[in-house]
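Colleague: Chains as they are written, first to last, in my numbering: chain A, 1 to 323; chain B, 1 to 509; chain C, 1 to 344.
What the hints contain is simulated information worked out from the structure, not anything from laboratory work. Quick reminder that beta carbons are idealized off the backbone N, C-alpha and C, glycines included. Hints are supplied without guarantee of correctness; some may be wrong.
Said to hold, decoys possible - Just a few of them, taken from the derived set where beta-carbon distance is under 7 Å, the chain A residues facing chain B: (1) ALA18; (2) LEU22; (3) ASN37; (4) ARG115; (5) ARG117; (6) GLY185; (7) THR186; (8) THR197; (9) ASN198; (10) ALA201; (11) LEU204; (12) ALA205; (13) ARG211.
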Amino acid sequence: MHASGFERTRPVLLLAMAVLALLGFAIGHPAILSGANLSSMAVFGVEIGMIALGQTFVICGGDTGIDLSVGATMALSQVILGRLLHGGLPWPVAVGGALASGLALGGVNAAAVSRFRIPPIIATLATLFAYDGLALVVTGGVNIDLTKSPPAFLAIGQGTLAGLPFQLLALYLPLLAVFAFVQHGTRYGRALYLTGTNDRAATLAGVRVARVRGWAYVAAGLVAAIAGVVSAARLGTARPDAGAQANLISIAIVVLGGTGIFGGTGSVIGTAMATVVIAIVDYGLSYNDFNPIYQAGVIGTILIAVILIETPFVAWRARRPRA
Amino acid sequence: MPTPSSPRVEVSGIRKRFGGVTALGGVDLSIGRGEVHALLGENGAGKSTLIRVLTGAIMPDEGEIRIDGAPRRFAHPRDAQAAGIAAVYQEPMIYPHLTVLENIFTGNEIASAAGIVRRQEMAEAALPWFDRLELDPALLHRRMGELSLGYQQLVLIAKALVQDAQVIIFDEPTSILSQAETDRLFTIIGRLRADGRSIVYITHRLDEIRRISDRVTVLTDGRVTGSAAADDLDEERLLDLMAGKAHRDYGKPREDRRIANDADPALRIEKLTRAGLYDGVDWSIPPGTVTGVYGLVGSGRSEVALAAFGALPADSGRVLLHGRPISPRDPAQAIALGIGYLPEDRKLQGIFATKPLEANLTVSTLDRFLRAAMRLDFAALRGEAARLIAHYRIKARDETVAIGTLSGGNQQKALFARWAGQSLKVLILDEPTRGIDIGTKAEIHDFIRSLAAGGLAVVVISSDLPEVLAVSDRVIVMRRGTVVQVAEGEAMQAETILAAAVGAAARAA
Amino acid sequence: MSVDNPAGTPRTIGAFGPAPTTGRPAPRPPRDYLPRGREGLLLVTLAILVLAAGFGSHGAFWSRVNLDNLLVGSAITLIPAIGMTVVILTGGIDVSTGSMLGLCTAIGGTCFAAGWSIAATIPVFLLSGAAFGLINALLIINGRIPPVIATLGTLSIYRMFVFIVLGGNWITQIPPALTMIFVVDHLAFLPVVAVIALVLLAAGMVFLRYFRWGRHVYALGNNEEAARLAGIKPERIKLAAYVMLGLLTGLAALLTLGQSPMAQTSTGSGFVLQVIAAVVLGGTALSGGRGTLLGTLLGTLIVQVVDDAIVLLHIQPFWGGVALGAVILASIGAGAKREAMETR
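Turn these sequences into a full structure, and let the hints steer you where they fit.
Modeller: Printed below as a string of structure tokens:
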């Protein structure tokens, strides 16, 4: 294993899967490889991909870390953005407000898990309910129309940069770079891995475990908010039910990407590759007129299949004598 | 008294391999009726594997087991149980949320044909054994998890008796007991023996062997390296048997002990108290010396250390570092102040088994290896790891191997290196050579001495008296949560220290 | 060392010997006639909530219609919650229950639409539920996939099949007799579904408390290793638990169609959260090994009463969600504190 913690096997497998999936769809509909379609694929992938980055950190921190409230955070920050825009604030301020709310929402999870020692499944389930409800209250149950917003704002989700979708180039890739750097190149990332591996040993070695895990939840809240902003700009509307599937898909992406559910392993690079795979599969399905329910079902199947195949493979490899 | 009739348990030629490792390489053992047979050996010598074979948890590759002369095959623990073998483990295997009664009977419930559990009958079956063990019958309906470890152990003994076990194996039972509980256990073992049952008693405490065993067998590296009647052995011969080769210098008290200068202790603990664990503890640790802290397990030594380390706060009392009162909130703060602590259980509290050796070595010192903007300097980290590996002679291919693949001794050296590489004022080592071969033990003792020679205040908490004598300049003796003696100079004799640790009447009948 | 010999049986050697009878009975366990501890707390909470709802709604809470609805909803949640309690007791979990419910209603609904009678369709519901539970069990036990992940996957797979089976349509040709028998008809003042649920609950409580295999469920959740060594087969118990949960979900699916006679693609969405909330609120620890069905009953009722009160009192659903979340968190906090005090 590399000193930074990066393991190579799963990302390679995922790269293969991505290529295969793309080719598979292309055989049926060559048009899917057109620029416009690839663009749309990317656009879909960006939003769920960002959320998956945060989820990776949360799960990597171990002790059954999980964040079920990511979708609700995305929705709530999105509608807060909508209200602020309608309230006449300049759009950068409104976006700032949405991001700040993402940090706060993630902070609530962080406090619940780290300070009050509530099991993450329960804590984020509770915040899921709370944030969803709050989103409904803020919007009164209806979507907020943002189509009249300044074009500069809408460009976040609809604009292009050098021919590629703006959010991919200017938001997702830089975010991915930052997360990868933090995870593999900083003290925090190292602490996160070690906390996920053995939190008792980490505490006794001077790692502030509660803080390390807490920041993961804050980061997850922030990226969910960013995803919310992008999605609102893209669709021109802030919806209280945005991100409904994000829980399942983000967890599936993270596990698919090689991060063990018990923590201490995996990488956001793997998550990114898994995002590509899921984006291709998802888009290909909807291109062929399969609705989101099919997409979720296929993702679930892929998730189970990968684990079923990989577990005996890993055991076989462990038995082989090392060179 | 062992009877001259045929042995109750006989194993011959037991071999067991796990993957490429030979755990048992042909073990012969014979246990008579009414005999307490002590089984001695370091961790990794094969004791636990042998026990698992005897209790039916695993099957040997080769070899034979005879009970009362008849060859038996244990394919499952229930077979061993049917043959009358029961084990009481070091860490009690219990169902914490179930009642004591259910802990005794789970898997062996007295039930009707339809499967309805007959609680009253089970309670009645257990009652006589509770009487014999002087346990309060009201315990039957208490939650097992509420009982102290000592009482849990007694319940497990009752379970063995309910199952009419004729061979009872105790795996280091006194490591979790207080002195009074140990006395009680020995009384019970005496009664079991008088009753004709066979006892296998695993320990590494030499004083216990002489106190209750009739015969002693020593296991080293999966083989029997010695067997004798307990009366024929003295400490010297026991160590002889256990260590084999390199024991001669081990356990010999130091000749070059440093006289402590109490005037300016690096670490001072004053009247530290925490209900149920320790009371009014005073430690004074001078710099540049090694202070041993000796006591049986349960004497509160680790807990006091954890208080100084910020991991388990005390109720009252003071901790002073070079005269300044401190109260670290967490280990991170204690480390920043200059206090280090090497935990006693390296597997659970020390190593990150799946992570590379380098990560394990540098976990506490990462902020020394930062380049601009929070970036870790991996080349420097690898360099530091290589330096530590070389300096402490850790046997590993390189710094990228997972630490879990190293032997126990090398893992412990790595943990030692983790602390030794930092600039500390006080380093507390908790059972630093537990479960390690003699050669590596001696190496670690050398490391400890050179750390002290460099000016560090070193504390060695240990339940291994020869080790404490070999490595310390002075010894603090603790018993049941209080300091009972501070021995230095002439007073640092095994007998006096042992007597203090064990309590007034040192050697019972 | 004195040697006791109260029964007077002669002894040849030693101080233990074969166990004589002592001639006196063993102490009986203390009988708690009133639920104590956590269940007591839940009972009090429920009572307070019920009174508050009754008061705040100016008596509308006590109307026949409202109470019936409450009981029907509780029963439908309680039935799978019984199975979920056992699954969680063994240390596992199943988040696919909602999709399973939807799929069973879809399959069963298709039978109804094809003209099958209720009697003929009941086995279909039960068997399909059991089959899906079996699939989950195989993935978790044989496939060695962590329960959360495995059932997260099957959650979406089953939902996909709901869509496939229904073809995106609704099924409304549910025999009205279904509603009549289970929802409208009453037995001792309770809707029939509620009676069924209570019977199943009682059966479950008896099983867990008095039967050997019921106690093995707890043993397994407490210490799987020790249980295995004691001769218990963890795989078998877990398999049975997941299959039973599936079966009960199938039953709940049938009864759901009685409550609202329409099978649609989204049937059962969010249902699993209600079930798990009820079980966790009732005191069953997610780590396994502790929990009671009585607690699950109380948890179910509390959740349903809160839901009902939100509507009756015209509370914004958000605040109701907050209240429910707060109650759950408080109960977990109290549970964690009790745990910390009990373990040394």
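Colleague: Against each hint, give a clear statement of whether it holds in the structure.
Modeller: Hint by hint, here is what the structure shows:
At about 27 Å, the closest approach between the beta carbon of ALA18 of chain A and any beta carbon in chain B exceeds 7 Å, and the interface hint on this residue is violated. A least Cβ separation of about 34 Å between LEU22 of chain A and chain B goes past the 7 Å threshold, and the interface hint is therefore violated. Annotation: ASN37 of chain A was flagged as interfacial toward chain B, and the flag is violated, the nearest CB pair being 38 Å apart, outside 7 Å. For ARG115 of chain A, the interface hint is violated, since its Cβ never comes within 7 Å of a Cβ in chain B; the closest pair sits about 13 Å apart.
Because the beta carbon of ARG117 of chain A sits about 15 Å from the nearest beta carbon in chain B, more than 7 Å, this interface hint is broken. Because the smallest distance between the Cβ of GLY185 of chain A and any Cβ of chain B comes to about 5 Å, under 7 Å, the interface hint for this residue holds. At a threshold of 7 Å, the smallest CB-CB gap from THR186 of chain A to chain B is about 5 Å, leaving the interface hint in force. Because the closest C-beta pair between THR197 of chain A and chain B is about 4 Å apart, less than 7 Å, the hint holds.
Given the 7 Å rule on beta carbons, the hint for ASN198 of chain A holds: about 5 Å separates it from the nearest Cβ of chain B. For ALA201 of chain A, the suggested interface contact is upheld, since its CB lies about 5 Å from the closest CB of chain B, less than 7 Å. Against a cut-off of 7 Å between C-beta atoms, the interface hint on LEU204 of chain A holds, since the closest Cβ of chain B lies about 5 Å away. Restraint check, ALA205 of chain A versus chain B: the minimum CB separation of about 5 Å is within 7 Å; hint holds.
Taken as an interface hint, ARG211 of chain A does not check out: its beta carbon lies about 9 Å from the nearest beta carbon of chain B, beyond 7 Å.
Checked against the numbered hints above, the structure breaks hints 1, 2, 3, 4, 5 and 13 and satisfies the rest.
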